[in-house]
Amino acid sequence: MLAKRPSAPTKSSASPKSRGTLSIWQIFSQPRPAHHTAMNTLTDFYQHLGLTLSLLVIATFILAGLIKGIIGLGLPTVAMGLLGLAMAPSQAAALLIIPATLTNLWQLAFGGHLKGLIKRLWPMLLMIFLGTGIGTLWIGMAGGHWVARGLGAALFLYALSGLFLPTLSVNPRHEPWLGPACGLITGVITSATGVFVIPAVPYLQALGLNRDELVQALGLSFTVSTLALAGGLLWRGALGGGELSASLLALIPAVLGMLLGQWLRQRISAVLFKRVFFIGLGALGAHLLISG
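Numbering (the numbering used here), first residue to last: -14 to 277.
If you're looking for bench data, these hints aren't it; they were derived computationally from the structure. One or more hints might be untrue.
[Stated by the list, open to error] For lysine to aspartate or glutamate, the following EDC-like pairs were computed, each having C-alpha atoms within a straight-line distance of at most 16 Å: (1) Lys259 to Glu160; (2) Lys259 to Glu198; (3) Lys104 to Glu198; (4) Lys104 to Glu160.
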């Protein structure tokens, strides 16, 4: 007579005590409840990307943080440009949300001019937010070659402005209309490409701010742009638990690169480095613009 085969334990028969004896691998390989499936673990996103792309993400954020540490800007721009070579712009934009937000908050927190800058720049900041929302509804980063080419065009124009645009000056009486116009255009470009430096950065540089005020103003503008971009990605379903977890991990190489950049800033020529940065950015933008 055949011995009675023991029945397989069901999911409901496992007690908390018995589950506590499972290995780490067994715990994470258990079927997840529906409400937990949406909240991916910190590494799920990178497991899906694979080793090569994961290493590209790490190297990109180290380099982007390094550049921001030296010249005070460039983290999201470099991240979007390099990651845009290997993934959809919306995916790259989702990865930079947390590193860009926290490093920009860090940048705007010091200087002592925040209250005055908000009072002066709020029309532009409001239009950045509204422009990003309008652009998300109208354009968005839905994919396709034109999005990559749009990203390349934005990077190329920014590089040209950094290399060749003379120092401009904005008459204070033009600020009430020019600031909101620049904010609106910046917001629309942000929604389509994830790059939020054109024309906001040249405009802020033309206001005659001192160094500390300019650093804070850039941090303020970038923070608003990043939060608006995050809202647009969330609305389009491109920013979920997995993307936010992956973005949180990307903060580590970004901060390491930024600290290294701040250390290097005292030892190299920031002017020369900035020129090399814009040349490289222009070449990257031209490549994306031509190849898509």
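Evaluation of the provided hints:
1. The hinted pair formed by Lys259 and Glu160 fails the criterion: a straight-line CA distance of about 28 Å is larger than 16 Å.
2. In summary, the hint linking Lys259 to Glu198 is not supported, as the alpha carbons are separated by about 19 Å, beyond the 16 Å threshold.
3. Restraint check: the Cα-Cα separation between Lys104 and Glu198 comes to about 13 Å, which is no more than 16 Å; the hinted pair holds.
4. Restraint check: the Cα-Cα separation between Lys104 and Glu160 comes to about 12 Å, which is no more than 16 Å; the hinted pair holds.
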